[in-house]
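Top to bottom, those sequences are chains Y, G and U. The first sequence begins at 1 in this note's numbering and counts up one residue at a time. The second sequence begins at 97 in this note's numbering and counts up one residue at a time. The third sequence begins at 349 in this note's numbering and counts up one residue at a time.
Since the hints were made in silico from the structure, they are not lab data. All clues given are correct.
Derived lysine-lysine pairs resembling DSSO-like cross-links, with alpha carbons at most 27 Å apart:
1. K653/U with K59/Y
2. K34/Y with K656/U
3. K228/G with K34/Y
4. K292/G with K209/G
5. K294/G with K209/G
6. K294/G with K34/Y
7. K294/G with K228/G
8. K597/U with K522/U
9. K217/G with K228/G
10. K519/U with K575/U
11. K364/U with K79/Y
12. K34/Y with K209/G
13. K163/G with K100/G
14. K163/G with K519/U
15. K252/G with K653/U
16. K17/Y with K504/U
17. K504/U with K519/U
18. K519/U with K161/G
19. K59/Y with K656/U
20. K17/Y with K225/G
21. K17/Y with K228/G
22. K225/G with K34/Y
23. K252/G with K656/U
24. K163/G with K225/G
25. K34/Y with K252/G
26. K294/G with K213/G
27. K163/G with K522/U
28. K215/G with K294/G
29. K163/G with K526/U
30. K100/G with K215/G
31. K292/G with K215/G
32. K34/Y with K653/U
33. K561/U with K364/U
34. K217/G with K161/G
35. K575/U with K609/U
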Amino acid sequence: MNSDTQFDLWEVFIQSKSGQPYVHAGSIHATDMKMAMQNARDSYTRRGEGTSIWVVPSKYIVASNPDDNEMLFDPSADKIYRHPTFYIMPEGAKNI
Amino acid sequence: MTTKEASFIYALRMGDNALILGHRLSELCSKAPFIEEDLALTNISLDLIGRAQALLSYAAELEGKEKTADELAYRRPEIDYYNHLITEQPNGDFAHTIIRQLYISAFELLFFKELEKSKDKTFSALAAKAIKEVSYHFEHAKNWTIRLGDGTDESKRRMQVALNDLWMYTGELFEMDDVENWLLSEGIAADLVPLKPKWAQMIGDILDEATLEVPEDTYMQTGSRKGVHTESLGHILSEMQYLQRAYPDATW
Amino acid sequence: MHNEHSDLNFQLRIDKGEHIEARDYMPENYRRHLIRQISQHAHSEVIGMQPEGNWITRAPSLRSKQILLAKIQDEGGHGLYLYSAAETLGVSRQELIHQLHTGKAKYSNIFNYPALNWADIGAIGWLVDGAAIVNQVSLQRTSYGPYSRAMVRICKEESFHQRQGYEIMAKMMKGTRKQQAMAQDAMNRWWWPALMMFGPHDTDSPHSSDAVKWRIKRETNDELRQKFIDKTIPQAELIGLTVPDAQVKLDETTKHYTIGKINWEEFYRVIAGHGPCNKQRLDHHRFYFNQGAWVREAAEAYKQKHIKNGMQTI
Numbered sequence: 001m002n003s004d005t006q007f008d009l010w011e012v013f014i015q016s017k018s019g020q021p022y023v024h025a026g027s028i029h030a031t032d033m034k035m036a037m038q039n040a041r042d043s044y045t046r047r048g049e050g051t052s053i054w055v056v057p058s059k060y061i062v063a064s065n066p067d068d069n070e071m072l073f074d075p076s077a078d079k080i081y082r083h084p085t086f087y088i089m090p091e092g093a094k095n096i
Numbered sequence: 097m098t099t100k101e102a103s104f105i106y107a108l109r110m111g112d113n114a115l116i117l118g119h120r121l122s123e124l125c126s127k128a129p130f131i132e133e134d135l136a137l138t139n140i141s142l143d144l145i146g147r148a149q150a151l152l153s154y155a156a157e158l159e160g161k162e163k164t165a166d167e168l169a170y171r172r173p174e175i176d177y178y179n180h181l182i183t184e185q186p187n188g189d190f191a192h193t194i195i196r197q198l199y200i201s202a203f204e205l206l207f208f209k210e211l212e213k214s215k216d217k218t219f220s221a222l223a224a225k226a227i228k229e230v231s232y233h234f235e236h237a238k239n240w241t242i243r244l245g246d247g248t249d250e251s252k253r254r255m256q257v258a259l260n261d262l263w264m265y266t267g268e269l270f271e272m273d274d275v276e277n278w279l280l281s282e283g284i285a286a287d288l289v290p291l292k293p294k295w296a297q298m299i300g301d302i303l304d305e306a307t308l309e310v311p312e313d314t315y316m317q318t319g320s321r322k323g324v325h326t327e328s329l330g331h332i333l334s335e336m337q338y339l340q341r342a343y344p345d346a347t348w
Numbered sequence: 349m350h351n352e353h354s355d356l357n358f359q360l361r362i363d364k365g366e367h368i369e370a371r372d373y374m375p376e377n378y379r380r381h382l383i384r385q386i387s388q389h390a391h392s393e394v395i396g397m398q399p400e401g402n403w404i405t406r407a408p409s410l411r412s413k414q415i416l417l418a419k420i421q422d423e424g425g426h427g428l429y430l431y432s433a434a435e436t437l438g439v440s441r442q443e444l445i446h447q448l449h450t451g452k453a454k455y456s457n458i459f460n461y462p463a464l465n466w467a468d469i470g471a472i473g474w475l476v477d478g479a480a481i482v483n484q485v486s487l488q489r490t491s492y493g494p495y496s497r498a499m500v501r502i503c504k505e506e507s508f509h510q511r512q513g514y515e516i517m518a519k520m521m522k523g524t525r526k527q528q529a530m531a532q533d534a535m536n537r538w539w540w541p542a543l544m545m546f547g548p549h550d551t552d553s554p555h556s557s558d559a560v561k562w563r564i565k566r567e568t569n570d571e572l573r574q575k576f577i578d579k580t581i582p583q584a585e586l587i588g589l590t591v592p593d594a595q596v597k598l599d600e601t602t603k604h605y606t607i608g609k610i611n612w613e614e615f616y617r618v619i620a621g622h623g624p625c626n627k628q629r630l631d632h633h634r635f636y637f638n639q640g641a642w643v644r645e646a647a648e649a650y651k652q653k654h655i656k657n658g659m660q661t662i
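Work out the full structure, taking the sequences as your base and the hints as a guide.
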């Protein structure tokens with residue numbers, strides 16, 4: 001085993017301010033959690049981009065397989081009753 | 097010596113520490129063990145140079161000779177610099193860089209927390225800002241000390257060498273001379289004497305976790321309070337001041 | 349079907365302007381082309397830290413020192429974003445660095461030139477980053493998702509770099525006679541290499557047609573070079589710098605500048621390894637990489653000591 005590596009890959013998510021979603025910013029390399037957090041902070045928040053950081057080793061991300069897109073995502077496309085615009089409201093109805 | 101004159105020296109001391117250490121770290125650009133660490137060290141350097149600029153600007157104001165921070169940074173001879181000897185020590189290997197950071201940032205964390213109580217509003221505000229930066233510098237140095245102390249046999253050996261090499265410069269951090277004792281009595285300067293055992297405790301705890309040994313006590317090098325430095329400072333200034341000295345009537 | 353595993357379907361997606369993501373089907377040549385292009389872009393950013401790094405310790409003011417450090421730090425960061433993008437294609441950063449060291453992967457030729465005086469720092473920011481911006485703005489619309497997103501991030505950070513360089517040049521041109529001479533000297537040495545950054549003329553470019561078909565490359569070398577020339581020459585004239593080309597002429601009808609002949613012999617000579625700094629740049633990178641091996645090994649060893657039930661506890 002090669003003992004000299006560029007470490008593991010971690011994915012970085014930044015929350016710009018409280019209440020906002022965490023957005024994927026990119027990746028960094030690190031060996032442990034503290035290093036990952038510091039590296040993420042030094043690489044992705046130099047311009048005040050956020051107030052909270054999540055880091056996770058890339059190997060723990062489970063991504064959907066694009067081959068499964070039809071099965072995963074097409075069925076929801078015809079369930080238009082999930083959208084508020086599907087419903088016809090009586091004229092003059094307010095607050096609904 | 098008036099309070100203003102003493103404060104001027106005090107500001108120079110802090111400013112020069114930030115300037116010289118910031119400069120040493122800036123030398124490491126493109127030389128770190130991996131790219132993320134290059135960014136980390138440069139960030140620390142930027143914090144320090146920014147702090148140097150703020151402190152030297154204040155020093156210039158206190159001196160009252162209408163100089164700028166740049167004039168103070170770029171036009172003094174070695175004997176008029178008051179940075180602690182430890183800041184001008186060469187970067188050496190990564191172990192030396194990290195241990196120098198550990199010794200200094202542990203000190204600065206304690207020091208700036210005291211200085212925040214200063215009756216001088218500018219020193220107090222600068223200290224408040226510095227605490228945030230130093231907390232991060234200290235975490236960085238601490239985490240690396242533990243990783244490298246408890247990593248491989250080679251990293252442990254290198255770290256112990258660095259700890260031993262730099263130990264003789266740590267005593268000077270806690271020296272109080274007439275200038276600082278005067279400012280202490282005015283409620284302006286921080287009292288360094290009670291900080292020493294706290295610093296020793298912090299270092300001891302970290303080295304313990306890092307499975308490293310606290311170096312044996314030794315004669316502590318001194319002199320920077322009077323502008324007497326090691327041979328390193330001359331070389332640092334030769335490079336730093338080169339353009340300003342070679343083109344004295346130019347503005348950059 | 350969205351991800352039908354065929355080159356035909358892939359090309360249809362490209363033509364529709366869709367982005368290709370890491371797990372999507374892609375032809376092997378598309379993958380290889382991207383790995384080469386993205387990693388070379390990443391290597392360029394990292395090697396590019398060296399010529400500017402040469403003047404950090406001699407930066408002549410506290411302000412310029414901070415600005416230069418921040419700029420170089422950004423460049424390191426850009427390398428980092430680009431290595432990350434390349435890694436989504438199934439290659440490790442470790443392998444990419446190895447390719448750089450063995451000469452299998454290249455980096456931008458421009459960094460094989462030396463930074464000889466403080467004005468070079470201005471010229472590099474203004475001309476080299478200026479040329480890079482023209483290229484990078486175009487790459488924001490590249491078809492590969494991770495590369496495109498890295499480019500958007502990079503472009504946001506890049507504009508201060510060019511301003512930093514131009515500010516230095518402008519200041520020096522307003523300064524002493526020696527400063528003006530220094531600035532003109534830097535201009536003389538960096539102008540033509542900056543033009544060469546856009547690569548050979550379109551007629552001489554071998555990889556181009558696939559790159560255009562796959563929308564990796566959105567504009568041609570000459571189109572991008574012309575954009576750069578047209579925006580930069582007025583900037584030079586504004587501050588009193590002379591473009592080191594007796595044949596520069598503004599065409600009043602097209603509003604484009606025409607220039608003299610680029611010395612392609614120099615371009616190929618430097619690519620082949622005979623530039624002023626080729627050996628020095630790689631030696632530096634290899635040296636510090638080797639110097640850092642014990643640190644990387646120690647960090648990994650420390651982590652290995654803290655694994656419980658197959659998961660790290662630190």
